[in-house]
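Kindly generate the complete structure, drawing on both the sequences and the hints.
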Amino acid sequence: MSEKFNEIPMAGNIIEPGNSEKYKTGGWRAEKPIHNPEACLWVKNGTCGRCWIFCPDMSVILTEKDGKHAYAFNYDYCKGCGICANECPTDSIHMEKE
Amino acid sequence: MTVSKDKITVEGLTGDAAIAHALKQANLDVLAAYPITPQTIIVEDYQRFAADGEVNAAVIPVESEHSAMSACVGASAVGARVATASASAGLALMWEILYVAASMRMPIVFTVANRALSGPINIHNDHSDGMGMRDSGFIQLYCQSSQEAYDTTLMAFLLAEHHDVLLPVMVGIDGFIVSHNVERVEMLADDVVEKFVGVRDPVQNLNPNKPLTMGPLALTDYYFEFKEQQSRAIMGVPKVYKEIEAEFEKLTGRKYGMFETYKTEDAEIIILAMSSMGGTAKVVVDALREKGEKVGSIRLKMFRPFPAEDLAKAVGNAKAVMIFEKAMSFGGATHPLALEVRTALYEAKERPMVLDFVVGLGGRDVPPTTFVEGYEKTKEYLKAGKAPKYETLGVRK
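Line by line, the protein sequences give chains R and F.
Under this note's numbering, the first residue of the first sequence is numbered -4, with each subsequent residue one higher.
Under this note's numbering, the first residue of the second sequence is numbered 43, with each subsequent residue one higher.
It is worth saying that the hints were derived from the structure and are not from the lab.
Hints should not be assumed to be uniformly reliable.
Straight-line distance between alpha carbons at most 20 angstroms, and here's what the computed DMTMM-like set of lysine to aspartate or glutamate pairs gives [stated by the list, open to error]:
1) -1(R) to 206(F)
2) 269(F) to 2(R)
3) 19(R) to 263(F)
4) -1(R) to 263(F)
5) 252(F) to 16(R)
6) -1(R) to 270(F)
7) 305(F) to 328(F)
8) 252(F) to 11(R)
9) 39(R) to 82(R)
10) 361(F) to 389(F)
11) 17(R) to 263(F)
12) 74(R) to 263(F)
13) 269(F) to -2(R)
14) -1(R) to 267(F)
As structure tokens, this is what we get:
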């Protein structure tokens, strides 16, 4: 974002397709979601996943390896909307100020 | 090096018809327009050329001027050579897309038969529409005659599409006064024009094989930089314009400059006007010169970018410059043309007195006597050493 006027494409044209990936919208976040694995149904038995379903930015990362379920947020794109915390049936997600 | 006589067709044409012929010869790809007086003949004639198979362009009869300019932006984005035409309320309906066209750097040629804005609704000439769009980022060239309209329309494509410019160009003629009056017009042969205007060579265009996005969002972090680019592009126009006009002069022997001066060298009072008023001003200058008055005139053609330095030099030695302009900036310190001229002269050591006469609104005739009235007033103001910031002439008050 430090480019001068003559170092960027004319008229705002985006000359590299798909470069929205590079735009880290996580920078918009005022509050970040914090996950507590103790009561989380995904971590417990690989069920629920409501946070994953409802996240509008695909920022909830649910993975499974050798029968173990891992939980993470992608903070590069999480805008901190809090939908995951709102949807969680076990109150395993809470929002904290950035 | 000028084109031989047998390659020139001479016809009696209205300003609108002259522009239509220029558009026909400029080898357009797309013309999208919506009819409005007094521009209608431009598109009518062009549609006839299209119906008769004389042009290959896609003519898009859209449902509004907003759509006309939008279609032009889309076609121009693909890399097409594009033109449209409008006036007054139609131009006003394009408003949003005028800014889009300029900021997306689309080299669209926009011919306008300048007409008053409503209300009351009025179909006749003044410059309210052109002055209304003055900050849109369009280059603005105002023409005095049908011949100049033809010539300027051809040159406008080269100017707009030049890689150092890439901006839309408005070519203006006075509604009815030029758009509907028949004048002698010399037209070049098709092959000569074809060679002169060439084919558009787009810098970046929409192409599925090389995808890019045009017109995206830019917020606090980038918007300003794009405006810097745009501002620099339009400020570079005079250099390119002079080069193109020099080429055109080689072909035709005709040139107009950013403004035309007439008997200004020793003039104490200079008339400054635009478009068709420039012709009347010359007649007034000749008549007053016969009476021994030291008067000259300047007819400004390029309003955007405003040739501030050149114009300041041209009027700098006079005692007074009288501006006759056909638009009002309601509540402004003065009106559009005078604002520019006063600003242009601010740094000058010996500034001429600047008089701002608003005339001809809604097509009110501006006869030589109006200029003489302004001239007499100016002489009195010079004697008194002060003048009003502006005044209207030719209105019942």
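Here's how the hints hold up against the structure:
no.	hint	in the structure
1	-1(R) to 206(F)	holds (18 angstroms)
2	269(F) to 2(R)	holds (13 angstroms)
3	19(R) to 263(F)	holds (14 angstroms)
4	-1(R) to 263(F)	holds (11 angstroms)
5	252(F) to 16(R)	holds (18 angstroms)
6	-1(R) to 270(F)	holds (10 angstroms)
7	305(F) to 328(F)	holds (9 angstroms)
8	252(F) to 11(R)	holds (9 angstroms)
9	39(R) to 82(R)	holds (17 angstroms)
10	361(F) to 389(F)	holds (16 angstroms)
11	17(R) to 263(F)	holds (15 angstroms)
12	74(R) to 263(F)	holds (18 angstroms)
13	269(F) to -2(R)	holds (14 angstroms)
14	-1(R) to 267(F)	holds (7 angstroms)
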